[in-house]
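2 protein chains.
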Amino acid sequence: MDVLIAGFGVVGQGITEVIRDKQELFQRRFGKRVRIVGAFDSHSCAVDPAGLDPSALLTRKCATGMVGKERLDTDMAQLTEELEYDTLIEVTPTNIVDGEPGSTYIRTALGAGRNVVTSNKGPLALQFGELSALAAKNQVQLRYEASVGGAMPVINLSRELLMGEKIYSLRGILNGTCNFILNRMKEESLPFSSALQEAQEMGYAERDPTYDVEGVDSACKLTILANAIFGMDVTYSDVVRTGIRGITEEAIALAGEQKKVIRLIGEISENRLEVTPRLVPIGHPLAIGGTLNIVQLITDLAGEVTVVGPGAGRKETASALLSDILAILKDEEVRNGAK
Amino acid sequence: MDVLIAGFGVVGQGITEVIRDKQELFQRRFGKRVRIVGAFDSHSCAVDPAGLDPSALLTRKCATGMVGKERLDTDMAQLTEELEYDTLIEVTPTNIVDGEPGSTYIRTALGAGRNVVTSNKGPLALQFGELSALAAKNQVQLRYEASVGGAMPVINLSRELLMGEKIYSLRGILNGTCNFILNRMKEESLPFSSALQEAQEMGYAERDPTYDVEGVDSACKLTILANAIFGMDVTYSDVVRTGIRGITEEAIALAGEQKKVIRLIGEISENRLEVTPRLVPIGHPLAIGGTLNIVQLITDLAGEVTVVGPGAGRKETASALLSDILAILKDEEVRNGAK
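Here the protein sequences line up with chains A and B, keeping their order. Per the numbering used here, the very first residue in the first sequence carries number 7; after that it's consecutive. Per the numbering used here, the very first residue in the second sequence carries number 7; after that it's consecutive.
Simulated from the structure, these hints should not be mistaken for laboratory data. Don't take each hint at face value.
One copy or two, it doesn't matter: identical chains are merged, so the pair holds either way.
Below, a list of computed lysine-lysine pairs in the DSSO-like style, where the Cα atoms sit at most 27 Å apart [claimed, not checked]:
#: 1; residue 1: 321; residue 2: 192
#: 2; residue 1: 336; residue 2: 38
#: 3; residue 1: 75; residue 2: 172
#: 4; residue 1: 266; residue 2: 172
#: 5; residue 1: 321; residue 2: 38
#: 6; residue 1: 192; residue 2: 75
#: 7; residue 1: 266; residue 2: 321
#: 8; residue 1: 38; residue 2: 266
#: 9; residue 1: 143; residue 2: 336
#: 10; residue 1: 321; residue 2: 75
#: 11; residue 1: 172; residue 2: 192
#: 12; residue 1: 266; residue 2: 192
#: 13; residue 1: 336; residue 2: 265
#: 14; residue 1: 336; residue 2: 172
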C-alpha cells in the first residue's frame with residue numbers, strides 16, 4: 007500500500023514512526039509493505055514513487071521544520087490529485103470554520119479514487135454527508151477512527167463489532183482537558199482559572215483554551231459520532247453546547263456533598279444532541295478521572311457497553327490511524343480471497 | 007445462511023429469538039436471510055431444510071421442554087455431520103472435564119466444512135489449539151466472542167480493532183457473580199456466606215456455586231483469552247487459581263481503610279496466567295461494582311484500552327453470538343465482492 011501523508015505535525019510524525027516500526031506486522035499479516043510515497047506540510051513536500059525513508063523525513067522535519075528539502079510553492083491539492091498512491095493519510099490541523107485545508111485534500115483524494123484515513127475533525131464535523139457520499143460513489147473508503155477519542159476505538163467498535171445492535175443512545179466524555187480541569191477543581195478545591203493554568207503547564211490545554219473549555223472540541227466529536235453511528239445528518243452547529251468556564255468551586259463542592267461529580271458529558275439520543283456539564287454519581291463509569299475519554303453505548307441486546315481509552319497523544323492518535331490502515335488492508339485481503 | 011442450533015437452553019432460545027427479530031437487518035445489510043434449518047436439545051430435534059419457524063420452536067420448548075416434537079434417540083453428532091447447513095451455533099452447557107458434548111459437535115461441524123459460532127467455554131478451555139487448527143485446515147471460521155464476558159466484545163476488539171497493537175498484558179474481572187458478592191460484602195459488611203446467599207436468591211449464583219466462587223469460570227475465560235489474544239497454547243489447568251471463599255469481612259474492612267477494594271482479577275502477561283483476589287484502589291476502573299465484566303488491555307501504541315459490558319444474560323450472550331454471525335456474513339460479502 008502506497009500512502010501520501012498530508013500534514014507533518016505531531017500526528018503526521020507519529021504515523022510516520024508507526025509505519026516505519028510496523029513493517030514486520032504488515033509483512034507478516036498481509037504479505038505487504040506500506041510505503042510512504044509522499045508527505046507534505048504547509049510549505050514543503052517530499053515525493054518518491056519508490057518510497058521515502060521514514061526516519062529521514064522525521065530527522066529533516068526535526069532539524070529544519072520542513073518535511074521537504076526546500077520551501078516550495080507546490081499546489082498540495084494538485085499533488086494529492088496527481089501523485090500515484092492508494093491511501094491519503096490526512097492529518098492537517100482541525101479547522102472548524104470551513105474544514106480547510108483538510109476538506110480539499112480529502113475531497114480531492116476521494117474524487118481521484120483513493121482511500122482516506124484521517125484524524126481531522128473539521129471536515130467531518132462540517133461536511134460528513136458530502137464526504138461519505140463521495141467515498142461511496144467512488145467505491146473507496148473514508149475512515150476516521152482517529153478523529154474521536156484518540157486510541158479509544160469507539161467508531162469501529164460501534165459500526166463493526168456492534169453492527170447487529172440497535173444503538174439507542176450514547177453518552178461520553180470526549181475531551182480529556184476538560185476532564186482533567188474538573189477533576190483537579192474537585193481534588194484540590196481549585197478555582198477554574200488555577201486548574202486551567204495547571205492543565206496549560208502540563209501541556210494538556212492550549213494557550214488559547216477556548217476550543218477545549220467551551221466544549222467545541224467535544225461538540226465536533228459528538229457530531230462525527232452522530233453521523234457515523236446514528237446515521238444522523240448533522241453538522242457541528244446542530245449541537246447544543248455549554249462549556250465548563252462557568253463551573254464554580256462552590257458548584258463542585260455542592261455536588262460532592264451529594265456524592266456526585268461534575269463532568270462535561272456529550273449525549274446523543276433521539277431528541278438530544280448536546281454537550282453540557284452534568285452531575286454524575288461517584289462510582290458511575292462516567293465519573294472517571296484523569297485525561298481519559300470514555301463512551302457508553304446503550305443498545306437493545308448488549309445493554310450498556312463502555313469503552314475507555316487515552317483520548318489524545320501522538321502515539322495514541324497514530325494507533326487509531328494504524329487501525330484504519332489495517333482495516334483497509336484486511337478488506338483488500340479478503341476481497342482478493344488471499345486469506 | 008442456514009444454521010443448525012446445538013443446545014436449546016437459555017442461550018439457544020436467546021439466539022433463536024434474535025435470529026427471528028433481526029431478519030430485517032440481515033436483509034438490509036447483506037441481502038440475506040438467516041434460516042434455522044435444524045435445532046436440537048438433549049433428547050429431541052427439529053429439522054426442516056426449508057427453514058423452521060423460530061417462534062414455533064420457542065413455544066414448543068416452553069410448553070413441552072423439548073425443541074422437537076417427540077423424544078428421539080437421534081445421534082446428534084451424526085445429525086451435525088450430515089445435515090446441510092452453513093454454520094453451527096453451538097450453545098450446549100459448559101463441561102470443563104472433557105468439553106462434551108460440545109467438543110464433538112464443534113469438531114464434527116468444522117470437519118464437515120461448516121463455520122462454528124459458540125458460547126461454550128469447555129471445548130475452548132480444553133482443546134483450543136486442536137479446534138483452531140481444524141478450522142484453519144478446513145478453511146472455515148471458529149468464532150467464540152460469546153464464550154468470554156457475554157456482550158463485552160473483548161475478543162473481536164483485541165483481534166480485529168487492535169490488530170496493529172502489541173498487547174503486552176491483560177487484566178480483568180471475568181465473573182459477575184464473584185464481583186457482586188465482593189461488592190455486597192463491602193457495601194453491607196456481610197460475611198461471604200450471606201452475600202453468596204443473596205447472589206443465589208437473585209439468580210446470579212447457582213445452587214452449587216463452586217464453578218463461580220472457586221474461580222473456575224474466570225480461569226476458563228482467561229484460558230480462552232490467552233489462546234485467542236496472546237497466541238499462547240494453554241489449557242484450563244495451566245491457570246494458577248485462587249477463589250474468593252477465603253475472603254473475610256475483616257480483610258475487606260482492612261482494604262477499605264487503605265481506600266482499596268478486593269476484586270477477583272484475572273491476569274495474563276509474559277510470566278503470569280493467574281486468577282486471584284487482589285487489592286484495587288477505589289476509583290481505578292477495575293474497582294467496578296455490580297455484575298459487570300471488564301477487561302483492560304495494555305498495548306504499545308494505544309496504551310490502556312478498557313472495555314466494560316454485561317458479562318452474562320440470555321439477551322447479552324445472544325448479542326455476542328449475533329456479532330459473530332454478522333462477522334461471518336460480512337466476510338462472505340467482502341469475499342464475494344458484493345460490497
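Within a copy, between copies, both or neither: where do residue 321 and residue 75 come within 27 Å Cα-Cα? Result: close within a single copy only, 26 Å intra versus 59 Å inter.
27 Å Cα threshold - placement of residue 336 relative to residue 143: Answer is both; intra-copy 21 Å and inter-copy 20 Å each pass.
Have a look at residue 336 and residue 265 and pick one of within, between, both or neither, based on CA distance no larger than 27 Å. This pair counts as neither: shortest intra-copy Cα distance 47 Å, inter-copy 46 Å.
27 Å Cα cut-off: does residue 192 pair with residue 75 within a copy, between copies, both or neither? For residue 192 and residue 75, the Cα distance exceeds 27 Å both inside one copy (50 Å) and across copies (64 Å).
Within a copy, between copies, both or neither: which one fits residue 75 and residue 172 at a CA-CA cutoff of 27 Å? Neither: 51 Å inside a copy, 34 Å across copies.
With identical chains treated as interchangeable, where does the CA-CA distance between residue 336 and residue 38 reach 27 Å or less: within a copy, between copies, both, or neither? Close inside one copy (11 Å) and across copies (23 Å); limit 27 Å.
Can you tell me if residue 266 and residue 192 fall within 27 Å by alpha carbon in one copy, between copies, both or neither? both (10 Å within a copy, 20 Å between copies)
If the cut is 27 Å between Cα atoms, do residue 38 and residue 266 qualify within a copy, between copies, both or neither? neither (51 Å within a copy, 48 Å between copies)
Given identical chains, is residue 266 near residue 321, meaning Cα to Cα at most 27 Å, within a copy, between copies, both, or neither? neither (33 Å within a copy, 31 Å between copies)
27 Å Cα cut-off: does residue 321 pair with residue 192 within a copy, between copies, both or neither? Neither. Shortest intra-copy (29 Å) and inter-copy (39 Å) distances fail the 27 Å Cα cut-off.
Under a CA distance limit of 27 Å, which applies to residue 321 and residue 38: within one copy, between copies, both, or neither? Only inside one copy: residue 321 and residue 38 sit 23 Å apart there, 41 Å across copies, limit 27 Å.
As a check of your reading, is residue 172 near residue 192 (CA-CA no more than 27 Å) within one copy, between copies, both or neither? neither (36 Å within a copy, 36 Å between copies)
Hints 1, 3, 4, 6, 7, 8, 11 and 13 from the earlier list are contradicted by this structure; the remaining hints agree with it.
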